[in-house]
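**Student:** First to last, the protein sequences are chains A and B. To convert, note that position 206 of the first sequence is 206 in the numbering used here; the numbers rise steadily by one, no gaps. To convert, note that position 204 of the second sequence is 204 in the numbering used here; the numbers rise steadily by one, no gaps.
Mixed in with the good hints, there may be bad ones.
Stated by the list, open to error - Here are the simulated DSBU-like cross-link-like pairs (lysine-lysine), alpha carbons at most 35 Å apart as the crow flies:
#: 1; chain 1: B; residue 1: Lys-119; chain 2: A; residue 2: Lys-39
#: 2; chain 1: A; residue 1: Lys-212; chain 2: B; residue 2: Lys-119
#: 3; chain 1: B; residue 1: Lys-119; chain 2: A; residue 2: Lys-29
#: 4; chain 1: A; residue 1: Lys-146; chain 2: A; residue 2: Lys-39
#: 5; chain 1: B; residue 1: Lys-39; chain 2: B; residue 2: Lys-212
#: 6; chain 1: B; residue 1: Lys-119; chain 2: B; residue 2: Lys-146
#: 7; chain 1: B; residue 1: Lys-39; chain 2: A; residue 2: Lys-213
#: 8; chain 1: B; residue 1: Lys-39; chain 2: A; residue 2: Lys-119
#: 9; chain 1: A; residue 1: Lys-146; chain 2: B; residue 2: Lys-212
#: 10; chain 1: A; residue 1: Lys-29; chain 2: B; residue 2: Lys-213
#: 11; chain 1: A; residue 1: Lys-119; chain 2: A; residue 2: Lys-39
#: 12; chain 1: A; residue 1: Lys-39; chain 2: B; residue 2: Lys-39
#: 13; chain 1: A; residue 1: Lys-146; chain 2: A; residue 2: Lys-119
#: 14; chain 1: B; residue 1: Lys-146; chain 2: A; residue 2: Lys-29
#: 15; chain 1: A; residue 1: Lys-119; chain 2: A; residue 2: Lys-212
#: 16; chain 1: B; residue 1: Lys-146; chain 2: A; residue 2: Lys-39
#: 17; chain 1: A; residue 1: Lys-39; chain 2: B; residue 2: Lys-213
#: 18; chain 1: A; residue 1: Lys-29; chain 2: B; residue 2: Lys-212
#: 19; chain 1: B; residue 1: Lys-212; chain 2: A; residue 2: Lys-39
#: 20; chain 1: B; residue 1: Lys-119; chain 2: B; residue 2: Lys-212
#: 21; chain 1: A; residue 1: Lys-29; chain 2: A; residue 2: Lys-212
#: 22; chain 1: A; residue 1: Lys-29; chain 2: A; residue 2: Lys-39
The hints are simulated quantities; they were obtained by calculation from the structure and are not laboratory data.
Each chain, letter by letter, is given below.
Protein chains: 2
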Amino acid sequence: MDLDSSIKGVHRGAVDRKLIPGQNSRFQKQVEFIIEVDKLKHVLRQTILMDRSRRENSAEHSWHIALLVFVLAEYSRETDIDLFHVIKMLVIHDLVEIDAGDTYCYDDRGREDQAEREKTAAERIFGLLPCDQAEAFRSLWDEFEKRETPESRFANAMDRVQPFLHNYFTNGQTWQANNISSRQVHERMRPVRDGAPDLWEYVNNLILDAVKKGILNE
Amino acid sequence: MDLDSSIKGVHRGAVDRKLIPGQNSRFQKQVEFIIEVDKLKHVLRQTILMDRSRRENSAEHSWHIALLVFVLAEYSRETDIDLFHVIKMLVIHDLVEIDAGDTYCYDDRGREDQAEREKTAAERIFGLLPCDQAEAFRSLWDEFEKRETPESRFANAMDRVQPFLHNYFTNGQTWQANNISSRQVHERMRPVRDGAPDLWEYVNNLILDAVKKGILNE
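One chain only, chain A, in its complex shape (with noise of 0.2 Å):
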C-alpha cells in the first residue's frame, strides 16, 4: 500500500521503518491498518446528530452502538451471549464503508450491488492485516451480515435501534427529507424484534407515536 496516494498527508515512509524485531512485517500491517480505518471518520451517514447540527459519520455511529451494547444488554433476547463478540461486531462492521461508502437503508437502488461493493471492500481491508486478524474480523464481518448467531443478532438490533432514536427524537427529520413511509421503517427495524423483542414493542410504539405526530408518513 502506498501511504501517499491512499491518506492524504500521511508522512511516508515512516511505517517502513523496522522497530520491533521479529515482527518487522507484521506490526507494519498493523500500523497501516490502523492509519487506514482513520478514514471511516469521513464517512458521512443519513443520520443527524440529536441536535441537527450535522450528519453523523460511520466511526461515530460504530462508537455509540458499543456504548448501548453496554446499556441495553438486558433487552437481548437471548440471555446467554457472548457481550464481547457483540462489541467486536459492532466496531468493526461498518469498516467495509471506507471504499464502499455509506448505502442509505431505504436506497433500493444502491442496494442492489451493496453486497458486492462490500465485499470488495472486506478484502481489501481487512487484507491490510496480517493473515491471522484478516480472517478473524472477516469472520465477524459475515457473522454480523448473516444474522444467524444470537450474538450478531443482538448486534444488528443495536445496529438499527440507535439511527432510529436519531430519526425520531430528531422530529423525523431525515424520514420527511427522504420521504419514507412507517412501512419501510417497520420492515427497517425487523431485526430489533429478532434481536431484542422487548425493543421492538418500544420502537413499533415510536413508529405509531410519529406517524401521529405527522413526522413520519403513513
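Got chain A; can you put chain B on it based on the hints?
**Tutor:** Chain B in isolation, oriented as in the chain A frame:
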C-alpha cells in the same frame, strides 16, 4: 433532565412514554443516557485526522482506540487480561468530557482542575443511568483513571498510542502548533511502557525520528 434544555432539537416528551411495562423508569433513564452521550460527538480534541482535514472528536477517538485493542492486543504486557473489560473502559472513558471538555494533555493549567471537573461530570453523566449501571460505569471510569489494573494499563496505552500515531503521521502538526518538546511527549507516553512495552520501543524510536526530521522540538 429536561431534554429541551439539554439538547437543542430533541423532540420533547417522547422518552416520558411508558412503553415497557414494569421497566418504565429504568428504560426511560437508559434512553435519556443514550441521547445525552451523543454530545461526545461535539467534543473536539487537539488531535487532527490523518488527512489533516479537521480535528478529531472524542467519539471518533473512542471508537478508534477500541479498534486498536483488537489489532494490538498481542503487545499487552500482561497476556492474561480481560480484553472485554479493556474495551468497556475505552468506550466510556471520555464521556466526562461532555461536561468537562477535552483537556489538552500538555495544558498544565487546564490539567490543574481537570480531575475535579471530570469527577463532577462523572457524577452527572453516569448518574443519568439506573443506579446499578451508573455504579458499573463509574467504577470502570475510576479504574481507567487509576491505571492500577492490567486492563486499565493496557487501555491507557491504547489511549496514548492512537493520538501519538496521528501526531507523527501528520508531520507533527499539533506538536508544532503547541510548541511541544520530545521530553513532554516521552513523559506523556509512559503509560505505553507500563501497558505495552513492545509498543513503547516503537514509540521511542518514532520520537527520536520526529526530532531528527524536525517535526518535534528536542
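**Student:** Hint by hint, say whether it matches the structure.
**Tutor:** Hint check:
1. In summary, the hint linking Lys-119(B) to Lys-39(A) is supported, as the alpha carbons are separated by about 33 Å, within the 35 Å threshold.
2. This hinted pair does not check out: Lys-212(A) and Lys-119(B) have alpha carbons roughly 42 Å apart, beyond 35 Å.
3. With a C-alpha separation of about 39 Å, the suggested pairing of Lys-119(B) with Lys-29(A) is violated against the 35 Å cut-off.
4. At roughly 25 Å between alpha-carbon atoms, Lys-146(A) and Lys-39(A) fall within 35 Å of each other, so this suggested pair holds.
5. At roughly 40 Å between alpha-carbon atoms, Lys-39(B) and Lys-212(B) are farther apart than 35 Å, so this suggested pair is violated.
6. At roughly 13 Å between alpha-carbon atoms, Lys-119(B) and Lys-146(B) fall within 35 Å of each other, so this suggested pair holds.
7. At most 35 Å may separate the alpha-carbon atoms for a hinted pair to count; Lys-39(B) and Lys-213(A) meet this at roughly 26 Å.
8. Between Lys-39(B) and Lys-119(A) the alpha-carbon distance is near 33 Å, which keeps this suggested pair within the 35 Å criterion.
9. Proximity of Lys-146(A) to Lys-212(B) is assessed by CA-CA distance (about 50 Å); at most 35 Å being required, the pair is judged violated.
10. Restraint check for Lys-29(A) and Lys-213(B): the C-alpha separation of about 23 Å stays at or below 35 Å, so the hint holds.
11. Annotation: proposed proximity of Lys-119(A) to Lys-39(A) holds, straight-line Cα distance about 18 Å (limit 35 Å).
12. Restraint check: the Cα-Cα separation between Lys-39(A) and Lys-39(B) comes to about 21 Å, which is no more than 35 Å; the hinted pair holds.
13. Proposed proximity of Lys-146(A) and Lys-119(A) is supported: the alpha carbons are some 13 Å apart, at most 35 Å.
14. Proximity of Lys-146(B) to Lys-29(A) is assessed by CA-CA distance (about 32 Å); at most 35 Å being required, the pair is judged to hold.
15. With a CA separation close to 40 Å, the supplied pair Lys-119(A) and Lys-212(A) exceeds the 35 Å bound.
16. Restraint check: the Cα-Cα separation between Lys-146(B) and Lys-39(A) comes to about 32 Å, which is no more than 35 Å; the hinted pair holds.
17. The suggested pairing of Lys-39(A) with Lys-213(B) holds, with an alpha-carbon distance near 26 Å, which does not exceed 35 Å.
18. Distance hint between Lys-29(A) and Lys-212(B) is fulfilled; the C-alpha atoms sit about 24 Å from each other, no more than 35 Å.
19. Proposed proximity of Lys-212(B) and Lys-39(A) is supported: the alpha carbons are some 28 Å apart, at most 35 Å.
20. At most 35 Å may separate the alpha-carbon atoms for a hinted pair to count; Lys-119(B) and Lys-212(B) exceed this at roughly 40 Å.
21. This hinted pair does not check out: Lys-29(A) and Lys-212(A) have alpha carbons roughly 53 Å apart, beyond 35 Å.
22. Annotation: proposed proximity of Lys-29(A) to Lys-39(A) holds, straight-line Cα distance about 16 Å (limit 35 Å).
The structure fails to meet hints 2, 3, 5, 9, 15, 20, 21 from the earlier list, while all remaining hints are met.
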